[in-house]
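Just need the whole structure built from these sequences, with the hints factored in.
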Amino acid sequence: MFSEHKELMTRLKATDPHFAELCAKHDALDQQIHDIEAHTQVSTYEHLEDLKKEKLLMKDKVYAMLRQAGAH
Numbered sequence: 001m002f003s004e005h006k007e008l009m010t011r012l013k014a015t016d017p018h019f020a021e022l023c024a025k026h027d028a029l030d031q032q033i034h035d036i037e038a039h040t041q042v043s044t045y046e047h048l049e050d051l052k053k054e055k056l057l058m059k060d061k062v063y064a065m066l067r068q069a070g071a072h
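First residue of the sequence shown? That's 1 in our numbering, and the numbers climb one at a time after it.
No wet-lab data here; the hints were simulated from the structure. Among the hints, erroneous ones may be present.
Unchecked claim - DSS-like, lysine-lysine: derived pairs with alpha carbons at most 25 Å apart:
hint, residue 1, residue 2
1, Lys6, Lys53
2, Lys53, Lys25
3, Lys61, Lys13
4, Lys6, Lys55
5, Lys6, Lys25
6, Lys25, Lys52
7, Lys53, Lys13
As the list claims (entries may be wrong) - Pair by pair, the computed Cβ-Cβ distance ranges are:
hint, residue 1, residue 2, range
8, Glu4, Glu37, 30 to 36 Å
9, Asp60, Pro17, 18 to 24 Å
10, Ala69, Tyr45, 18 to 24 Å
11, Ala14, Tyr45, 37 to 43 Å
12, Glu21, Arg67, 16 to 22 Å
13, Leu57, Leu8, 19 to 25 Å
14, Glu4, Gln41, 19 to 25 Å
15, His18, Asp50, 31 to 37 Å
16, Glu54, Leu8, 21 to 27 Å
17, Ala64, His34, 22 to 28 Å
18, Leu57, Thr10, 19 to 25 Å
19, Thr15, Gln41, 32 to 38 Å
No residue lacks a Cβ here, since even glycine has one placed at the ideal position from N, Cα and C.
Here it is, written out as structure tokens:
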């Protein structure tokens, strides 16, 4: 996620607990989605779509915080 902002993300994760929490939630959702799509976890189509929407929301919040911190 946002490899072009890797250094800034590392710094924000270390200094901003809210940013770190958003990134952790995004990563956890990503893993959950991967597991469902790989058929290692059972889920309904609706639940999978909800997870994808939540992951996108986390990504949008992370990006907004990156922009606010000076990454363009």
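Structure-based check of all given hints:
no. : hint                         : verdict
1   : Lys6 with Lys53              : 23 Å, holds
2   : Lys53 with Lys25             : 13 Å, holds
3   : Lys61 with Lys13             : 14 Å, holds
4   : Lys6 with Lys55              : 19 Å, holds
5   : Lys6 with Lys25              : 17 Å, holds
6   : Lys25 with Lys52             : 12 Å, holds
7   : Lys53 with Lys13             : 23 Å, holds
8   : Glu4 with Glu37: 30 to 36 Å  : 26 Å, violated
9   : Asp60 with Pro17: 18 to 24 Å : 19 Å, holds
10  : Ala69 with Tyr45: 18 to 24 Å : 37 Å, violated
11  : Ala14 with Tyr45: 37 to 43 Å : 38 Å, holds
12  : Glu21 with Arg67: 16 to 22 Å : 18 Å, holds
13  : Leu57 with Leu8: 19 to 25 Å  : 20 Å, holds
14  : Glu4 with Gln41: 19 to 25 Å  : 31 Å, violated
15  : His18 with Asp50: 31 to 37 Å : 23 Å, violated
16  : Glu54 with Leu8: 21 to 27 Å  : 23 Å, holds
17  : Ala64 with His34: 22 to 28 Å : 24 Å, holds
18  : Leu57 with Thr10: 19 to 25 Å : 22 Å, holds
19  : Thr15 with Gln41: 32 to 38 Å : 33 Å, holds
The structure fails hints 8, 10, 14, 15 (numbered hints given earlier, in ascending order).
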